[in-house]
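Number of protein chains: 2
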Amino acid sequence: MEPTPIRRPRADQARLVADVLRHQIHAGGYPDGLPAEGELASEFFVSRNTVREALAALKAEGLIGRGPKVGTHVAIRKYDHDLDALVGLKATFKGYGEIRNVVRAAIPVAAPPAVANRLQLDPGEEVIFVERLRFLGDLPVSLDMTYLAPDIGAAVLENSLETNDIFALIEEATGHRLGTAALAVEAVAADAHTAALLQVPDGAAVLLLERLTHLDDGRPVDLEYIRMRGDRITLRGNLLRGTS
Amino acid sequence: MEPTPIRRPRADQARLVADVLRHQIHAGGYPDGLPAEGELASEFFVSRNTVREALAALKAEGLIGRGPKVGTHVAIRKYDHDLDALVGLKATFKGYGEIRNVVRAAIPVAAPPAVANRLQLDPGEEVIFVERLRFLGDLPVSLDMTYLAPDIGAAVLENSLETNDIFALIEEATGHRLGTAALAVEAVAADAHTAALLQVPDGAAVLLLERLTHLDDGRPVDLEYIRMRGDRITLRGNLLRGTS
Numbered sequence: 001m002e003p004t005p006i007r008r009p010r011a012d013q014a015r016l017v018a019d020v021l022r023h024q025i026h027a028g029g030y031p032d033g034l035p036a037e038g039e040l041a042s043e044f045f046v047s048r049n050t051v052r053e054a055l056a057a058l059k060a061e062g063l064i065g066r067g068p069k070v071g072t073h074v075a076i077r078k079y080d081h082d083l084d085a086l087v088g089l090k091a092t093f094k095g096y097g098e099i100r101n102v103v104r105a106a107i108p109v110a111a112p113p114a115v116a117n118r119l120q121l122d123p124g125e126e127v128i129f130v131e132r133l134r135f136l137g138d139l140p141v142s143l144d145m146t147y148l149a150p151d152i153g154a155a156v157l158e159n160s161l162e163t164n165d166i167f168a169l170i171e172e173a174t175g176h177r178l179g180t181a182a183l184a185v186e187a188v189a190a191d192a193h194t195a196a197l198l199q200v201p202d203g204a205a206v207l208l209l210e211r212l213t214h215l216d217d218g219r220p221v222d223l224e225y226i227r228m229r230g231d232r233i234t235l236r237g238n239l240l241r242g243t244s
Numbered sequence: 245m246e247p248t249p250i251r252r253p254r255a256d257q258a259r260l261v262a263d264v265l266r267h268q269i270h271a272g273g274y275p276d277g278l279p280a281e282g283e284l285a286s287e288f289f290v291s292r293n294t295v296r297e298a299l300a301a302l303k304a305e306g307l308i309g310r311g312p313k314v315g316t317h318v319a320i321r322k323y324d325h326d327l328d329a330l331v332g333l334k335a336t337f338k339g340y341g342e343i344r345n346v347v348r349a350a351i352p353v354a355a356p357p358a359v360a361n362r363l364q365l366d367p368g369e370e371v372i373f374v375e376r377l378r379f380l381g382d383l384p385v386s387l388d389m390t391y392l393a394p395d396i397g398a399a400v401l402e403n404s405l406e407t408n409d410i411f412a413l414i415e416e417a418t419g420h421r422l423g424t425a426a427l428a429v430e431a432v433a434a435d436a437h438t439a440a441l442l443q444v445p446d447g448a449a450v451l452l453l454e455r456l457t458h459l460d461d462g463r464p465v466d467l468e469y470i471r472m473r474g475d476r477i478t479l480r481g482n483l484l485r486g487t488s
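Respectively, the protein sequence lines represent chains A and B.
The numbering of the first sequence is the numbering used here, which starts it at 1 and goes up by one.
The numbering of the second sequence is the numbering used here, which starts it at 245 and goes up by one.
Keep in mind the hints are simulated off the structure, nothing from the lab.
Please note: incorrect hints may appear among the correct ones.
As the list claims (entries may be wrong) - A few chain B residues that don't get close to chain A, going by computed Cβ distances all over 10 Å:
1) Pro275
2) Gly277
3) Glu281
4) Arg344
5) Phe379
6) Asn408
Said to hold, decoys possible - Listed below are several chain B residues computed to face chain A (Cβ distance under 7 Å; list not exhaustive):
7) Ala255
8) Gln268
9) Glu287
10) Ala329
11) Ala358
12) Thr424
13) Ala426
14) Ala428
15) Val450
16) Thr478
17) Gly481
What the hints assert, rightly or not - List of simulated lysine to any residue pairs, SDA-like, C-alpha gap at most 20 Å:
18) B:Lys334 - A:Leu240
19) A:Lys69 - A:Pro31
20) B:Lys322 - A:Ala182
21) A:Lys59 - B:Ala436
22) B:Lys303 - A:His193
23) B:Lys303 - A:Ala192
Where a beta carbon is used, it is the ideal one built from N, C-alpha and C, also for glycine.
The task is simple: from the sequences and hints, build the whole structure.
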């Protein structure tokens, strides 16, 4: 079989070109700007119109900037969040810069039944609720809502939440290591309030993580709802083929 | 410290209530409908107006339906996709029903440089490109674009792509087990074309997975770009605290 150019509707082709370029960009490709349209067209074996449509999509995502004469440059940087190990944002982003937390709430509240259930407490029992807007430098990247078991929460609150990961504070406060966490990952549209805090457009796609973390003795102590900016964070991990 | 009701801006409280309810719903809670507003208000120690705002958000997401007299019911079901092991959609969804694939393309194409690079081929070398729209029953859940190494792809194409996972076909065709895969997960807005195929509104949040899968001898053979409906699929896995 001879390699043949892709002959398919332009929208399909453009999506493909955009996908490949997007991942090249996130992998740190094109630090000096993207190749010219004609060059991309011949790389991908598609028409220049298809390349233009792909670049328009990436521009709409805010990923690239384009200008007459100046060409196409990468406009946004995306950051990798480790999906293999249980790490806080500060620990996983340590190669990128400093994480700073704006603590929007750190208060005792009565646990709603569903939260009490996950933390193996009685409904209405007191838990510590912490809400943090997390910045990488000046960039808001994540809005985290955390419910902590009462004893753990009280100990954590004795430390600065502005610059530390809660995971580190829990281990410090308890002398225990964390064990495992159950993680759920969803893509949701940002509600107006979340969008304003994270400085993204209303309805922008965000990663919503629900994470229930246990101490190494199996006790669940930390239930978090985390919203990460979809345009800024990629979750990365490795999968292993099991026996099936 | 006495447990105190949460005294915070209503938008913050409503988001919290919505988050907890959302995860209860996805966990299969409330098969007979949600509790009345008054009951939820006292469970969460918030006002009925806050509960109404939370329920309005869940309704906007399409997660619940509400009607006068009939109360509030769960309107949508969400499906869990395994994030711990390397499994195809058919294998991970086998408890939910049959996966059916509409094969939109299955053709040899010249590999764009970025694709060739990931698959350790020369730029322009032939690869097999497969695009599938994947249905769970009648529900479109995922749009998958796959690049396969030429020999693997040719063997895979000898089998029915309509009802099989490509992972299973690769193992059958090669006599090799798959080994590991590198996974990237992003939340992106659906472009118009993707939205039409997946039957979601323009700009709806979708999970975008890039997954490079290797045979057990380490050879990369399968590069996929997968778009999953954010309103229908949750990725679930477990994290382990490493040594750090």
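**Asked** Does the CB of Gly481 of chain B sit less than 7 Å away from some CB of chain A?
**Response** Where the cut-off is 7 Å and the nearest Cβ of chain A is about 5 Å from Gly481 of chain B, the hint holds.
**Request:** Decide, holds or violated, for the assertion that all CB atoms of chain A are farther than 10 Å from the CB of Glu281 of chain B.
**Result:** Per Cβ check, Glu281 of chain B is outside 10 Å of chain A; nearest 15 Å; holds.
**Item:** Distance rule for Arg344 of chain B, whose beta carbon must clear each one in chain A by more than 10 Å
**Value:** holds (20 Å)
**Request:** Test the statement that Asn408 of chain B is away from the interface with chain A: the closest C-beta pair must be farther apart than 10 Å.
**Result:** holds (14 Å)
**Message:** Does Ala255 of chain B hold up as a contact with chain A if the rule is Cβ-Cβ below 7 Å?
**Reply:** Nearest chain A Cβ about 4 Å off; hint holds.
**Asked** Can the restraint linking Lys322 of chain B and Ala182 of chain A be considered satisfied, given a maximum Cα separation of 20 Å?
**Response** holds (17 Å)
**Prompt:** Closest CB-CB distance from Pro275 of chain B to chain A, is it above 10 Å?
**Reply:** Per Cβ check, Pro275 of chain B is outside 10 Å of chain A; nearest 15 Å; holds.
**Item:** Hint check, Val450 of chain B versus chain A [nearest Cβ-Cβ separation less than 7 Å]
**Value:** With a minimum Cβ separation of about 6 Å from chain A (threshold 7 Å), the hint on Val450 of chain B holds.
**Request:** Please work out if Lys334 of chain B and Leu240 of chain A have their alpha carbons no farther apart than 20 Å.
**Result:** With Cα atoms ~17 Å apart, Lys334 of chain B and Leu240 of chain A stay inside 20 Å; holds.
**Prompt:** Does Ala428 of chain B meet its interface restraint, that is, does its C-beta lie within less than 7 Å of any C-beta in chain A?
**Reply:** holds (5 Å)
**Request:** Hey, is Phe379 of chain B genuinely clear of chain A, shortest beta carbon separation above 10 Å?
**Result:** holds (18 Å)
**Prompt:** Taking the closest Cβ pair, is Thr478 of chain B under 7 Å from chain A?
**Reply:** This hint holds: Thr478 of chain B lies near chain A, its Cβ roughly 5 Å from the closest one there, short of 7 Å.
Taken one by one, the earlier hints all hold for this structure without exception.
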